[in-house]
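**Q** Sequence:
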Amino acid sequence: MSTILRTLRNLSRVGIKDFGHQMQNIGDTKAGTLIGIDRYGNKFFENMEEELPLRTRWVDYKEQEYDASQIEPGWHAWISYMVDQPPKADKLLQTGVRHWDLPEHRPNMTLSRAAFKTYSTTKPKYSAWDPVAAPR
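Numbering (the working numbering), first residue to last: 1 to 136.
Keep in mind that the hints are not guaranteed to be accurate.
As the list claims (entries may be wrong) - Computed cross-link-like contacts, DSBU-like style, restricted to lysine-lysine with a CA-CA straight-line distance of at most 35 Å:
{"hint": "1", "residue 1": "K62", "residue 2": "K43"}
{"hint": "2", "residue 1": "K91", "residue 2": "K62"}
{"hint": "3", "residue 1": "K123", "residue 2": "K43"}
{"hint": "4", "residue 1": "K43", "residue 2": "K91"}
{"hint": "5", "residue 1": "K30", "residue 2": "K117"}
{"hint": "6", "residue 1": "K62", "residue 2": "K88"}
{"hint": "7", "residue 1": "K30", "residue 2": "K43"}
{"hint": "8", "residue 1": "K17", "residue 2": "K43"}
{"hint": "9", "residue 1": "K88", "residue 2": "K43"}
{"hint": "10", "residue 1": "K17", "residue 2": "K30"}
{"hint": "11", "residue 1": "K62", "residue 2": "K117"}
{"hint": "12", "residue 1": "K62", "residue 2": "K17"}
{"hint": "13", "residue 1": "K125", "residue 2": "K91"}
{"hint": "14", "residue 1": "K88", "residue 2": "K17"}
Unchecked claim - With beta-carbon atoms standing in for the labels, derived distance ranges:
{"hint": "15", "residue 1": "P73", "residue 2": "L5", "range": "34 to 40 Å"}
{"hint": "16", "residue 1": "T118", "residue 2": "R6", "range": "49 to 55 Å"}
{"hint": "17", "residue 1": "N25", "residue 2": "W129", "range": "36 to 42 Å"}
Worth flagging that the hints you see were computed from the coordinates, not collected in a lab.
Glycine is no exception: its CB is placed at the ideal position from the N, C-alpha and C atoms.
Start from the sequences and build out the full structure, keeping to the hints where you can.
**A** Take a look at the structure:
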């Protein structure tokens, strides 16, 4: 959490609407320059002057129910400090849409009701032991 002066300074920089959005989603206020937007609509920001080291880059997810799988690989490399240049400036990361990529994001369903569960029609090789008690 930031100090009150930093929060008020960021409120004057980003405005009331973005201030409320950041407090609702991030839980903190941040002001920085917009670096780019990916094809899913996520916005990527950077502030090198006032933020702590390794907290200078952040993402504003388009969806309220966000997941780390909603970031494209090039942007993931930039936001986790693997590369210095964002994908729009780096020639290696400007590969575009690959033929195996889906046009829209497919969410990660792990730990949800829609998660993959194996199903087998074969009889199990062994079963649980059922103890039988002799009558007294």
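**Q** Does each hint hold? Answer for all of them.
**A** Hint check results:
Between K62 and K43, the direct Cα distance comes to roughly 8 Å. Compliance with the 35 Å bound is thereby established for this hinted pair. Distance restraint check for K91 and K62: the Cα-Cα separation of roughly 26 Å lies within the 35 Å cut-off, and the hinted pair is therefore satisfied. Distance check on the hinted pair: K123 and K43 sit about 51 Å apart at the alpha-carbon level, beyond 35 Å; violated. Of the supplied pair hints, the one linking K43 and K91 holds, its CA atoms being roughly 20 Å apart against a limit of 35 Å.
The suggested pairing of K30 with K117 is violated, with an alpha-carbon distance near 41 Å, which exceeds 35 Å. Our distance criterion of 35 Å between C-alpha atoms is met by K62 and K88, whose separation comes to about 19 Å. Using a Cα cut-off of 35 Å, the hinted pair K30 and K43 holds, with the two alpha carbons roughly 13 Å apart. Only pairs whose Cα atoms come within 35 Å are accepted, and K17 paired with K43 is accepted, the gap being roughly 16 Å.
A distance of roughly 13 Å separates the Cα atoms of K88 and K43; the hinted pair therefore holds under the 35 Å criterion. The straight-line distance between the Cα atoms of K17 and K30 is roughly 13 Å, inside the 35 Å bound, and the hint therefore holds. Only pairs whose Cα atoms come within 35 Å are accepted, and K62 paired with K117 is accepted, the gap being roughly 29 Å. This hinted pair checks out: K62 and K17 have alpha carbons roughly 15 Å apart, not beyond 35 Å.
At most 35 Å may separate the alpha-carbon atoms for a hinted pair to count; K125 and K91 exceed this at roughly 55 Å. For the proposed pair K88 and K17, the alpha carbon gap of about 28 Å is at most 35 Å, so the pair holds. Separated by about 38 Å at the C-beta atoms, P73 and L5 satisfy the suggested range of 34 to 40 Å. Between T118 and R6, the C-beta spacing of about 50 Å keeps the proposed range 49 to 55 Å intact.
Taken as a hint, the range 36 to 42 Å is violated for the pair N25 and W129, whose Cβ atoms sit roughly 52 Å apart.
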